[in-house]
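If you read the sequences in order, they're chains A and V. To convert, note that position 343 of the first sequence is 347 in our numbering; the numbers rise steadily by one, no gaps. To convert, note that position 75 of the second sequence is 76 in our numbering; the numbers rise steadily by one, no gaps.
It is worth saying that the hints were derived from the structure and are not from the lab. The reader is advised that the hints may include incorrect statements.
What the hints assert, rightly or not - Computed cross-link-like contacts, DMTMM-like style, restricted to lysine to aspartate or glutamate with a CA-CA straight-line distance of at most 25 Å:
(1) A:K401 / V:E323
(2) A:K401 / A:E362
(3) A:K401 / A:D120
(4) A:K202 / A:D131
(5) A:K401 / V:E326
(6) V:K62 / V:E326
Said to hold, decoys possible - In silico negatives: residues of chain V with every beta carbon more than 12 Å from chain A:
(7) W68
(8) M111
(9) E209
(10) D214
(11) P247
(12) A271
(13) G274
(14) T302
(15) L304
(16) S306
(17) N352
(18) Y366
To be verified - Chain V side only, calculated, beta carbon under 8 Å to chain A, not exhaustive:
(19) A88
(20) P106
(21) P115
(22) G116
(23) A159
(24) L163
(25) L167
(26) L324
(27) L344
Glycine included, each C-beta is placed from N, C-alpha and C at the ideal position.
This is what each chain is made of:
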Amino acid sequence: MTSGAANTASRHARFHWLNTVWPWLCAASVALSLLMLGALLALLLARGLGHFWPAALEEVTLRSGETLAGEAVREVALPQQAGTEQLYFTGNQDIEGVRWRWVAVEEIAERAQPDDLIRLERSPWGDFIGRLVAIEENDQRLEGDAAWQRLTTLLALPASQRQASDLLLTTVDGQPLRQPLANVISAQMPNAMAWWQKAHAWGEGVWRFLSEGPRAANTHGGVWPAIFGTVLMVILMSVIVTPFGVLAAIYLNEIAHQGRLTRLVRIGVRNLAGVPSIVYGVFGLGVFVYGIGGSLDEWFFSDTLPSPTFGTGGLLWASLTLALLTLPVVIVATEEGLARIPEAQREGAVALGATRLEMLTRIVLPMAAPAMLTGVILAIARAAGEVAPLMLVGVAKLAPQMPIDGEFPYLHLERKFMHLGYHLFDTAFHGEDVQAAIPQVYATALLLVLIVLVLNLTAIFLRHYLRRQRGNEC
Amino acid sequence: MTPPRLTSSRQPLRLLQDRVATGLITAGGVGVLLAILAIGIFLVWETLPLLAIGDTLALAKLSPLAWGTLKAALAALLFAIPVALGAAAYSAMFMSASLRARIKPALEMMEAIPGVVVGFIAGLILAPWVERHLASALLMIVWLPLSAALAGCLWQLAKTRLRRRLPLSWAGVWLVPWLALMVTIVLWLAPWIEQQWLGGDLRQLLDERFGMDYATRNALIVGIAMGFAVIPSIYSLAEDALADVPTTLIEGAQALGASRWQALWKVALAAAGPGVFSAVMIGAGRAVGETMIVLMASGNTALFSASPFEGMRSMAAAIAIELPEASPGGLTYHLLILAALVLFIFTFLVNTLAEVVRQRLRRRYRQMGGTS
Numbered sequence: 005m006t007s008g009a010a011n012t013a014s015r016h017a018r019f020h021w022l023n024t025v026w027p028w029l030c031a032a033s034v035a036l037s038l039l040m041l042g043a044l045l046a047l048l049l050a051r052g053l054g055h056f057w058p059a060a061l062e063e064v065t066l067r068s069g070e071t072l073a074g075e076a077v078r079e080v081a082l083p084q085q086a087g088t089e090q091l092y093f094t095g096n097q098d099i100e101g102v103r104w105r106w107v108a109v110e111e112i113a114e115r116a117q118p119d120d121l122i123r124l125e126r127s128p129w130g131d132f133i134g135r136l137v138a139i140e141e142n143d144q145r146l147e148g149d150a151a152w153q154r155l156t157t158l159l160a161l162p163a164s165q166r167q168a169s170d171l172l173l174t175t176v177d178g179q180p181l182r183q184p185l186a187n188v189i190s191a192q193m194p195n196a197m198a199w200w201q202k203a204h205a206w207g208e209g210v211w212r213f214l215s216e217g218p219r220a221a222n223t224h225g226g227v228w229p230a231i232f233g234t235v236l237m238v239i240l241m242s243v244i245v246t247p248f249g250v251l252a253a254i255y256l257n258e259i260a261h262q263g264r265l266t267r268l269v270r271i272g273v274r275n276l277a278g279v280p281s282i283v284y285g286v287f288g289l290g291v292f293v294y295g296i297g298g299s300l301d302e303w304f305f306s307d308t309l310p311s312p313t314f315g316t317g318g319l320l321w322a323s324l325t326l327a328l329l330t331l332p333v334v335i336v337a338t339e340e341g342l343a344r345i346p347e348a349q350r351e352g353a354v355a356l357g358a359t360r361l362e363m364l365t366r367i368v369l370p371m372a373a374p375a376m377l378t379g380v381i382l383a384i385a386r387a388a389g390e391v392a393p394l395m396l397v398g399v400a401k402l403a404p405q406m407p408i409d410g411e412f413p414y415l416h417l418e419r420k421f422m423h424l425g426y427h428l429f430d431t432a433f434h435g436e437d438v439q440a441a442i443p444q445v446y447a448t449a450l451l452l453v454l455i456v457l458v459l460n461l462t463a464i465f466l467r468h469y470l471r472r473q474r475g476n477e478c
Numbered sequence: 002m003t004p005p006r007l008t009s010s011r012q013p014l015r016l017l018q019d020r021v022a023t024g025l026i027t028a029g030g031v032g033v034l035l036a037i038l039a040i041g042i043f044l045v046w047e048t049l050p051l052l053a054i055g056d057t058l059a060l061a062k063l064s065p066l067a068w069g070t071l072k073a074a075l076a077a078l079l080f081a082i083p084v085a086l087g088a089a090a091y092s093a094m095f096m097s098a099s100l101r102a103r104i105k106p107a108l109e110m111m112e113a114i115p116g117v118v119v120g121f122i123a124g125l126i127l128a129p130w131v132e133r134h135l136a137s138a139l140l141m142i143v144w145l146p147l148s149a150a151l152a153g154c155l156w157q158l159a160k161t162r163l164r165r166r167l168p169l170s171w172a173g174v175w176l177v178p179w180l181a182l183m184v185t186i187v188l189w190l191a192p193w194i195e196q197q198w199l200g201g202d203l204r205q206l207l208d209e210r211f212g213m214d215y216a217t218r219n220a221l222i223v224g225i226a227m228g229f230a231v232i233p234s235i236y237s238l239a240e241d242a243l244a245d246v247p248t249t250l251i252e253g254a255q256a257l258g259a260s261r262w263q264a265l266w267k268v269a270l271a272a273a274g275p276g277v278f279s280a281v282m283i284g285a286g287r288a289v290g291e292t293m294i295v296l297m298a299s300g301n302t303a304l305f306s307a308s309p310f311e312g313m314r315s316m317a318a319a320i321a322i323e324l325p326e327a328s329p330g331g332l333t334y335h336l337l338i339l340a341a342l343v344l345f346i347f348t349f350l351v352n353t354l355a356e357v358v359r360q361r362l363r364r365r366y367r368q369m370g371g372t373s
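Model the full assembly from the supplied sequences, consistent with the hints where possible.
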């Protein structure tokens, strides 16, 4: 009896103890989610923006007497407590054949950051890290500081006005190199820069990233064609999806008989938002590309067959596929907006003698406009981040031509295009030198996340504003 | 009183316009719905030739993919369900209202982060890190929940003033630095523990003792990455279901002497059970269909292995990789479309079930006399 009582008492105590602990576990899951989200965003921000900040160059003397210069990338502990290794980006692929060096930390005798180390960005062979000896123009030869001054003034000019000249360079271990200026894109002396010079270089780097095309198998240069392709595809998609989505929502909410069938259709539409995007990609490939595109080729472009015109992935098919993918988003958001409009408004309009069309266009649609806008913005945000369906219907790792140019008919719907998300995937996973591409990938990822987050925030604020306004009216 | 502006001669025109517009809207609406229906029809139509072939080879090729899909989804849900439901329970029942208005959109924002970005972080940053620090990663999975419980116990023992400064209703925020501190402690302690008790290298130990291979991109990584992507959708729906439970029920339970947690566990969860279930279902649907994360974080090897340290290849990833290369009309083409059909039917059924359950739940709340 007593033991039983003690048992219930202890069980009660244990239950009580758990009672106090469970809420904390729940609170911790909120904290964990926030921590993960914050860590992800912080990582993207730090690495994506930090990539453009001119990194300090180190001159390292090893115990064996060898010297090397490069940017210290990271330090990694070896397994079995065997010390740590430091990874250096040394550049100079044309001289040394490799761009990366792992150096055991205990092998290092001396690390210094001399001011005269320069870093050249070149179009073939990638970066050069070393010293500038002289610059030769025609018969003139400048050395030392004058050479550096001359180099910076030359690089400030547009590429077409630069005089043909040669740079005489030397690596830190004394190997000479003659570098034609035509191949040099930019030059930096990062160790000698003040912070405001670095900030200026950072701004320039960000601008070049946003405005230039990719170089060196997408591992360097900018993402402008990818931004352009993404935006163009998304604009086309919203032009297609808005009228159809709104039409379907009006039909479902205003015209269709509100019965069991309509309810089923509504559930069906809602569920399509949960169907994996890759399924839409399969549909786009099978129906748009092979089906419609193949027939178009047979009818209108038979002279260029067997090389397909519309029978392969392209801008039009990608936009159509994404329009189908985002259709449920627009329909659901518009329907929500329509359902919020008080029935009295409609009845009032009809009672005053308006036809259904007049009631829709003058009363209902203006009131539902913010909801539609919210739906379209959400659709754009979803489409901008989708990659999987695009891999099937027309994205390219490197499109030779932009989809808009000066040639008739100016907008080339059949061309393949570049997309930020796919650019990210391709550079990160199919590049030759993934290590060199990672900073670029971080910057692309940050850009993509920013675009999507800004779009989503706009939609949230719009919806919030709308609800508050409606709340006042009612 | 204003005179009627419209003369009677314009009346037929208006009616005609109205009729034409109604017809157009109907045609457009039905057309859109038919286009949506066409997805299902197309997928079924393209898989019909497989019936004619009737090849058992087809199933042999698809089954590792199906296994990979299930494994990836299961790994993601194992991570996502506890975290998402815990977060939902906390923010519906314990969190202060002003904080909740901020935290909920922030967590829902997680859903908007594109899969490629999550996949890139998981595949290229997280995976190599976990490979080098496997012991730290595993220790963290065990230690973080324990440290939350520890925080709770410490809080019980703390002085009233401190308790008032750090109330439970704000714990979701002020536990963030606590957890960050715990992560640093784990990172600092783990190599020492590995050295002392696990013979220096956990991966080697796993290989020797249990014969487990370790692939860099494996189910553990996919679970964490895809869990991250699935948490917001489960959280958002489950939180809605819990927050919509009529307050009379919870207040009644508390008036009868139940603690806040007991009211949640015995009353709110019982009432909102179907809603929570449908949230989990929708999360499962997302996990099954997510393509880019699995593609980038799983190594894409079609294996039959239950080991959390080996990779897999899911159906969605296989479609994304192989379909552009498959010749239309070939066996692979039809097989991959069959995989797409399976995904389509699965997610559609799961979502329909979830939606029906949710609608029924909403009706039940209304009957209970909730004001929501």
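Right, here's what the structure says about each hint:
For a cut-off of 25 Å, the pair hint linking K401 of chain A to E323 of chain V stands: about 17 Å separates their Cα positions. As the CA atoms of K401 of chain A and E362 of chain A are separated by approximately 49 Å, the hinted pair breaks the 25 Å bound. Between K401 of chain A and D120 of chain A the alpha-carbon distance is near 38 Å, which puts this suggested pair outside the 25 Å criterion. With a C-alpha separation of about 18 Å, the suggested pair K202 of chain A and D131 of chain A falls inside the 25 Å cut-off, and the hint holds.
For the given pair, K401 of chain A sits about 15 Å from E326 of chain V by alpha-carbon distance, which is consistent with the 25 Å threshold. Taking the CA atoms of K62 of chain V and E326 of chain V, the gap is about 17 Å. The hint holds against a cut of 25 Å. For W68 of chain V, the requirement that its beta carbon stay farther than 12 Å from each beta carbon of chain A is met, with the minimum near 18 Å. The Cβ of M111 of chain V does not lie farther than 12 Å from every Cβ of chain A; its closest approach is about 5 Å, which violates its non-interface assignment.
For E209 of chain V, the shortest C-beta to C-beta distance to chain A comes to about 15 Å, beyond the 12 Å cut-off, and the non-interface label holds. Residue placement check: D214 of chain V keeps its beta carbon more than 12 Å from all beta carbons of chain A (closest about 17 Å). A cut-off of 12 Å between C-beta atoms confirms that P247 of chain V is not in contact with chain A; the least separation is 21 Å. Every beta carbon of chain A lies more than 12 Å from that of A271 of chain V, the smallest distance being close to 16 Å; the non-interface claim holds.
The claim that G274 of chain V lies off the interface holds: its Cβ sits roughly 17 Å from the closest Cβ of chain A, which is beyond the 12 Å cut-off. The non-interface label for T302 of chain V is consistent with chain A: the shortest C-beta to C-beta separation is roughly 15 Å, beyond 12 Å. Distance check on L304 of chain V: its Cβ is at least 20 Å (rounded) from any Cβ of chain A, clearing the 12 Å threshold; non-interface status holds. Every CB of chain A lies more than 12 Å from the CB of S306 of chain V, the least distance being 23 Å, so the non-interface label holds.
Distance to chain A contradicts N352 of chain V as a non-interface residue, since its nearest Cβ pair spans about 4 Å, not more than 12 Å. The beta carbon of Y366 of chain V sits about 18 Å from the closest Cβ of chain A, which is more than 12 Å, so the claim that it is off the interface holds. Taking 8 Å as the C-beta cut-off, the interface hint given for A88 of chain V holds, the closest approach to chain A being about 4 Å. Restraint check, P106 of chain V versus chain A: the minimum CB separation of about 6 Å is within 8 Å; hint holds.
Hint status for P115 of chain V: holds, given a least beta-carbon distance of 3 Å to chain A, under 8 Å. Residue-level restraint check for G116 of chain V holds (minimum Cβ-Cβ distance to chain A is 7 Å; threshold 8 Å). Of the supplied interface hints, the one on A159 of chain V is violated, with its beta-carbon coming no nearer than about 13 Å to a beta-carbon of chain A, more than 8 Å. Annotation: interface hint on L163 of chain V violated; nearest CB of chain A at approximately 15 Å, more than 8 Å.
Hint status for L167 of chain V: violated, given a least beta-carbon distance of 11 Å to chain A, over 8 Å. The beta carbon of L324 of chain V is positioned within 8 Å of a beta carbon in chain A (closest approach about 6 Å), and the interface hint is therefore held. Below 8 Å, beta-carbon pairs count as interface contacts, and L344 of chain V has one with chain A at about 5 Å; its hint therefore holds.
In summary, the numbered hints that this structure violates are 2, 3, 8, 17, 23, 24, 25.
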